[in-house]
Amino acid sequence: MNFTTRVRAGSLSVASVLIALFTAGFTTAAAQDLRIATSYKLMTLDPHFSTLNENSSLLSHIFERLVYQDEKLALQPGLATSWKRVSDTRWEFKLRENVRFHDGSPFTADDVVYTIERIRNFLKPPSGGFQAYTKGIASVSATDPTTVVIETVGSQPTLPLALSAIFILPRGTDGFATTEKLNAGTSLVGTGPYKFKAWRSGETLDLTRNDDYWGQRPAWSNVSFRIVESPAARVAALSAGDVDIADFVPARDVETLKQRGAKVESVPAARLNFFQFELGKEAVPGVTDKSDKAIANPFLDARVRKALAMAVDRNVIVDKILSGYGTAAAQFFPNGLAGTSPNLAPQPARYEEAKALLAEAGFPNGFKVVLNGPAGRYPGDGESLQAVAQSWARIGVAARPVGVPFSVFNTKRAAGEYSIWYGGCSGEAVDVCLEAVLKSPDNATGAGALNFGQYRNPAYDEMLDKARTVDAGLERDKALAELTDFVMGDEPIIPLYHFHHISGYGPRVTGYLMHPRGWTTAMQAKPAAN
Amino acid sequence: MGLFKVIAGRLYQAFLLLAVMSLVGFVGIHSVGNPVYNIVNIDTATPEDIRRATELLGLDQPLWRQYFVFIQNLATGSFGISYIYHQPAFDLVLSKLSATFELAAFAMIVATLTGTGLGLLAGTRPGTRIDRIIVAATVYALSVPSFWLSMMLILLGAVTTGWFPSGGRGSTVEILGWDWSFLTIDGLRHLVLPALALAIPNIALIARLARAGTVEVQRADFVRFCLAKGISDRRILFRHTLPNISLPIITIVGLQFGGMLAFAVVVESIFAWPGVGKLLIDSIQLLDRPVVVATLTLVALTFVVLNATVDLLYAVLDPRVRISA
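Protein chains in written order, with the numbering used here: chain A, 1 to 530; chain B, 531 to 855.
These aren't lab readings, by the way, just hints derived from the structure by calculation. These numbers come from a predicted model, not from an experiment. One or more hints might be untrue.
Derived Cβ-Cβ restraints for the label pairs, each shown as a range [claimed, not checked]:
{"no.": "1", "chain 1": "B", "residue 1": "Ser561", "chain 2": "A", "residue 2": "Ser291", "range": "43 to 51 Å"}
{"no.": "2", "chain 1": "B", "residue 1": "Phe598", "chain 2": "A", "residue 2": "Glu117", "range": "14 to 22 Å"}
{"no.": "3", "chain 1": "A", "residue 1": "Gly175", "chain 2": "B", "residue 2": "Gln591", "range": "50 to 58 Å"}
{"no.": "4", "chain 1": "B", "residue 1": "Ser561", "chain 2": "A", "residue 2": "Asp490", "range": "18 to 26 Å"}
{"no.": "5", "chain 1": "B", "residue 1": "Ser561", "chain 2": "A", "residue 2": "Thr445", "range": "27 to 35 Å"}
{"no.": "6", "chain 1": "B", "residue 1": "Leu624", "chain 2": "A", "residue 2": "Ala398", "range": "47 to 55 Å"}
Part of the chain B face toward chain A, derived, beta carbon under 8 Å [what the hints assert, rightly or not]:
{"no.": "7", "residue": "His560"}
{"no.": "8", "residue": "Gly563"}
{"no.": "9", "residue": "Gln617"}
{"no.": "10", "residue": "Pro695"}
Glycine is no exception: its CB is placed at the ideal position from the N, C-alpha and C atoms.
Excised from the complex, chain A in its bound form (with noise of 0.2 Å):
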């Protein structure tokens, strides 16, 4: 730098810094602005790098997807206006016309197939977790502006759905995008109806409306995302009118925010929480008797199962732990979603049959175990085990809690160090969980991916392979409530709770629609008319 641009540098600073004392004073909220504070840290603004809600739900203002999800989880056109099966193995999908990117460059079919590869081809782990949903695309390709035909590996019925977690990207000019050039922001353009303005990492995220924009017009000029993982800062937030929206509110703080005159909305999440066992084992650790000698793992005892499953107080968890802001649960996803089954409803706690049973299956005196789960991560985790584990004593069954961090948790559990623990499991679809969690595990699919404690039922897989098979509708939706009511007599886990994501939303916002899968947008507020 020579002494002049010095110099003009430093008068730049200097009139900005004027400039800055000037405006600051003024800028207070207008009515079209939205400060929201969410928990989400967005770690890149590249939206392949990870398909954690934490980046898609800030990035999914700016790019969009060829196909969304509603609030029942029910598909509807995205980028893609229709869609259809042609043959067993391809897929046939019309894309919107007269759809701009926030450069002005058209979004065509072209761009589908450059965002496929590029998660298909291009990136590298640890970036790779949207390859789980182009793993079954054999082929993809554009057969006119608005056309894809995409060519699959075998049936797969589920590939408009695998489709609305992939964010479109624009082909450049230049071969594919590195993570680090959209990180840089320089060339962030989507086809989503905000456009990217500014973005500090673990800080802030800054959108301004897209004019152009091919929907209904945003309703909000600016929205400024400020990232906030402290619940109690987020509420403080909200409350003192600093912020519009707060995301992700702790049940214990609604009644103090509705006292503020803050309303909030909540949603039973796609999810479950539950307890796993370890069944690939005959010896397992932290399983005991009363003298403390080790037992063979009493897990594998269906009736034992059973007992704990009974003696679970979920009524306790929901309206005491969760103060409300849970829904007991007998199966994956909340009664009622696609996929559920209307058989499975969950019990109140049985102690005096749990205890025959347990007496039945070999221990009239119950057993010494240690419950462990991650403490902190979900609404009612490190609470819930205690719960349990007091319910589980009015049996005989002396359960040890232990809640540590995510991350130890994680990496105890993958090491074989837990006998029973507490586990979790979201998707876009039922299936998704009921793959995931209790098919039998097999790198070679990727099945059975969180089957931490090795489940396996022949004739399940077999069922659930089939299920899969049928397109989306109601045969597909009754056989996957069928084998949820078949597997779940054997009682492979116990399902504990469905928790609530809770918002909460000030005066200038009259109406926040909340997403079961637990996204924060703002296209989910309706301004307040001014």
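Chain B: place on chain A using the hints.
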């Protein structure tokens, strides 16, 4: 020659400290857990995904080899790439430094001025009502946990009165490639509460030190000579008492300032202040090893520099130190 020896000794110490710090940080964060589970989506990742990510990050290697690679990177001036944010770790830490620095500096200036003032006030009037009030107040201020103090400040200063924002950093101005918020009114308003939360315990600490020093100096012979000579109270206070009590104050200011730069974790978390402390705690939670090690190394470096500065100030303020050095 003597000066050269002192500097060489200092540099050697600093180097040793940094090496030990990086090793402790590296081994410590490694033993906590496997960062791969925070990078892949554990709800959907297949064992294959996890295996590939582990290999790519070099986490399948034995620990000594990972440390060796880390040292190799360090020799080329790189702390590695953040696992979580996918940016160079040291750049990431540096980008948060201005936020922490201005918060700590603001808090320390307030604490030093107010604390010294209160200490002088109390120390020159020992046993009076005002002295008793100040001493009692410092006891409370020192025993209050900082998370509680922060929440009370938010409750009073933001939620009930609405005078200040409850958190965040507000608008900033970029100078010399760094963002500064003390240059805008909005930024200043955001600075007040977290700075107070950091300053209040330090005001108490400094006030107690200043008071004790003042009481002692007031009894000293030279003050009586000054009085006998007819020098005004005011001149005695500022020309003679203040310099005499300043050594312990400067020591504590240096140490506390370093502590704030490094570990203002609680206050930064509660006020969502995007500084180094918050980055450190986030990174520990996410097991973002490169960032944790980069932060800890920077922290060690900060303490080395601050201690050197404090020593230098000693020499400036107290001639006796100069002679012995």
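Hints and how they fare:
Look at B:Ser561 against A:Ser291: about 33 Å separates their beta carbons, and that is not inside 43 to 51 Å. Distance hint check: the CB atoms of B:Phe598 and A:Glu117 are about 37 Å apart, inconsistent with the given range 14 to 22 Å. A:Gly175 and B:Gln591 have their C-beta atoms about 31 Å apart, which leaves the hinted 50 to 58 Å range violated. In this structure the hint that B:Ser561 and A:Asp490 lie 18 to 26 Å apart at CB is violated, the actual value being about 38 Å.
With their beta carbons about 34 Å apart, B:Ser561 and A:Thr445 fall inside the hinted range of 27 to 35 Å. Judged by the Cβ atoms, the range 47 to 55 Å given for B:Leu624 and A:Ala398 holds: they are separated by roughly 52 Å. With 8 Å as the threshold, the beta carbon of B:His560 stays out of range of chain A, its nearest partner Cβ sitting at about 11 Å, so the hint is violated. The closest approach between the C-beta of B:Gly563 and any C-beta of chain A is roughly 4 Å, which is under the 8 Å cut-off, so the hint is satisfied.
Checking B:Gln617 against chain A by beta carbon gives a least distance of about 7 Å; that is within 8 Å, so the hint holds. Because the closest C-beta pair between B:Pro695 and chain A is about 5 Å apart, less than 8 Å, the hint holds.
When held up to the earlier numbered hints, the structure conflicts with 1, 2, 3, 4, 7 and fits the remainder.
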